[in-house]
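Trainee: So you can see what is in the structure, the chains are spelled out below.
There are 2 protein chains.
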Amino acid sequence: MKIALDAMGGDFAPKNPVEGAVAALRDFPDISIVFVGDEQAVRAELARQNATGFDSRISFHHTTQVVDMKDSGLDSVRKKKDSSVSRAVDLVKSGEADAIVSAGHTGALVAAATIKLRTLPGIDRAGLAVLIPCDGGVFLLIDGGANLDPSPEHIIGFAVMGSIYYREILGCPSPRVGLLNIGTESSKGTEFAQECHRLLSSAPVNFSGNVEGHGIFRKPVEVVVCDGFVGNIVLKAIEGLAKSFFSWLKDELKSSPIRLLGAMLSKGAFISIKNRTSTDEYGGTPLLGVNGICIKAHGNSSARALRNAIRVARAAVEQRINERIIEAIQSSNHEKISATQTASA
Amino acid sequence: MKIALDAMGGDFAPKNPVEGAVAALRDFPDISIVFVGDEQAVRAELARQNATGFDSRISFHHTTQVVDMKDSGLDSVRKKKDSSVSRAVDLVKSGEADAIVSAGHTGALVAAATIKLRTLPGIDRAGLAVLIPCDGGVFLLIDGGANLDPSPEHIIGFAVMGSIYYREILGCPSPRVGLLNIGTESSKGTEFAQECHRLLSSAPVNFSGNVEGHGIFRKPVEVVVCDGFVGNIVLKAIEGLAKSFFSWLKDELKSSPIRLLGAMLSKGAFISIKNRTSTDEYGGTPLLGVNGICIKAHGNSSARALRNAIRVARAAVEQRINERIIEAIQSSNHEKISATQTASA
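Going down the list, the protein sequences come from chains A and B.
For the record, in the first sequence the residue sitting at position 42 is 595 according to the working numbering, with numbers rising by one throughout.
For the record, in the second sequence the residue sitting at position 51 is 604 according to the working numbering, with numbers rising by one throughout.
Wrong hints could be hidden among the right ones.
Because identical chains share one entry, a pair is satisfied inside a single copy or across any pair of copies.
Computed cross-link-like contacts, DMTMM-like style, restricted to lysine to aspartate or glutamate with a CA-CA straight-line distance of at most 20 Å [as the list claims (entries may be wrong)]:
hint, residue 1, residue 2
1, 796, 688
2, 634, 706
3, 803, 564
4, 796, 833
5, 807, 688
6, 555, 702
7, 820, 804
Read the hints as simulated data drawn from the structure, not as lab findings.
Chain A on its own, in the form it takes in the complex (with noise of 0.2 Å):
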């Protein structure tokens, strides 16, 4: 299995790819990565991380344009055809990778991604399926960002793909999904809101209702969908709350020598929240709707992170998800469906 990485995109790029990719390819000897980007960086990147050993599963496809964040997506693609990320994903187009990685401009990839790979049958809009710590386990957010202003029907597209990949991901037979919303009742929310509660009231999803923000974390549902300009919004600010509750903590248990004490016996516990929570351990996100494996890091990946999103994106090869989207959608969902698409036309 070959993954195509985008060597040059995230905050800490190329270190941060290169070291990831080389703990990628130590702990999953069925991978190989083309490191997409300018191949004398990461050349010596790999030189100073002393990473020998891997040079029949490595490989270069040299590039000479980094998409900058302040590009629109769109214009990334038009305008740096020789950007890694653009290139990354021409690499699973033709067939050369089985799979993208990219730690860079979320809209750079989902362009890039969309516009060349297209969506799957029977889905318009492609969105960024997060899962998230709650309660008992994990819940799916979706979009985490992919599409800012999609329409209602694109809101159903994302229910089914998010039950879907929670279904086959997570082996639970059958997902609650929930409208992400300002009430539970069906009259609340913007006249977007309560068209995708009537849309998806009828949608072949085990649709819940409404669910708020407070109660997502209890897991009313699996699978949580919003529009992606909220899901992001949301994802990174429970995101920076995680973050500030460790300083805090800690802040708290060293302003007394017994507090001290106490936090070294019960550090286990500190720990153990502190990887579950931890961006770190999932990695990445896959960017469900287009045909071909898309997983979008982190922008301000660790190595760690971007090792995990290499580990998401095999997963993803391996359990086949896109075939497994388009057949569930083409099976038993046929009518419902299309009658979906049909409103959407």
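Assemble chain B onto chain A, guided by the hints.
Mentor: Leaving out everything else, chain B in the frame of chain A:
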């Protein structure tokens, strides 16, 4: 100072509002309370709590209707004229009370206050201004859910009011304002967010650009502006995460005798953070922009939260918050605010 308390508002009414009022009457000798709601039920609750000695400081305004969570805000004002929240607003309008405190339906309070009290000169839409704990203090998020679908011009109003409130209440001479968005670059976000960014850049506030969800807890700005849909969802999500965090921590600390011993020694640290992040301590959120002091408490407010919401109402009356907003708008920033208003007309 007389506070009109919506005795029927919230998940635990009239019990918690009455209990909170009794605590506030004890703690703040300069206030009196008019209980707006089912007089018999309120009197029964007062008797149950053995609340004696306040006869000269309490009064009753009997009402016959209660707003249902399924009612729309506008409908509740039009069709339930004798609801507790509507009558409480009437008392402020007629000058019989100085402020309203309600833990009821947000939409009903916003609609009643906006229609009956009208907005302040220079302000088109009211916004809920919520204080949130962060590294080294608190930041203010506005709008926490009063207006789900504001225009970019309304966001400017939120920025102006939020800045004045933060300045007056927290003594920060020039609060920085950030627009909640999915990236820090001005080109990021929906068209709505981009237009907000453009208008904020020339608004009479100390605009610092976009802020992302994971940044807000590090306090890059004192005032975070967003529409009420996003604001409400984010608020509840961070509230939900904070609660789950404590529950996860408790489970982990209980999982071994050594950890439990450690937890007992460092107990003070957990209590300190729990108090810091508890919504009970903030108690109530001012609805800024209406011509009267309206404090919204959380629907599931405890008695302590309602006592604190009354404290917030008392402070807002004492500090003449609305007069200060009007003065600030009319004085130095007169021209710029007017320009914004013309643009929105």
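Trainee: Could you run down the list of hints and mark each one as holding or not?
Mentor: Hint check:
In the homo-oligomer, the alpha carbons of residue 796 and residue 688 lie at most 20 Å apart both inside one protomer (18 Å) and across protomers (10 Å), since each shortest distance falls under that limit. When the C-alpha separation of residue 634 and residue 706 is checked against a cutoff of 20 Å, the pair qualifies neither within a copy, at 31 Å, nor between copies, at 38 Å. Proximity of residue 803 and residue 564 under a CA criterion of 20 Å is satisfied in neither setting, with 26 Å inside one chain copy and 35 Å between copies. In this assembly of identical chains, residue 796 and residue 833 lie within 20 Å of each other by CA distance solely inside one copy; the values are 12 Å within and 22 Å between copies.
Taking the shortest alpha-carbon separations for residue 807 and residue 688, only the inter-copy value of 16 Å comes in at or below 20 Å, while the best intra-copy value is 28 Å. Proximity of residue 555 to residue 702 under the C-alpha cut-off of 20 Å is found in neither arrangement, the shortest distances being 33 Å within a copy and 46 Å between copies. With identical chains, the CA atoms of residue 820 and residue 804 are at most 20 Å apart both within one copy (14 Å) and between copies (14 Å).
Consistency with the previously given hints fails for numbers 2, 3, 6, ordered from lowest to highest.
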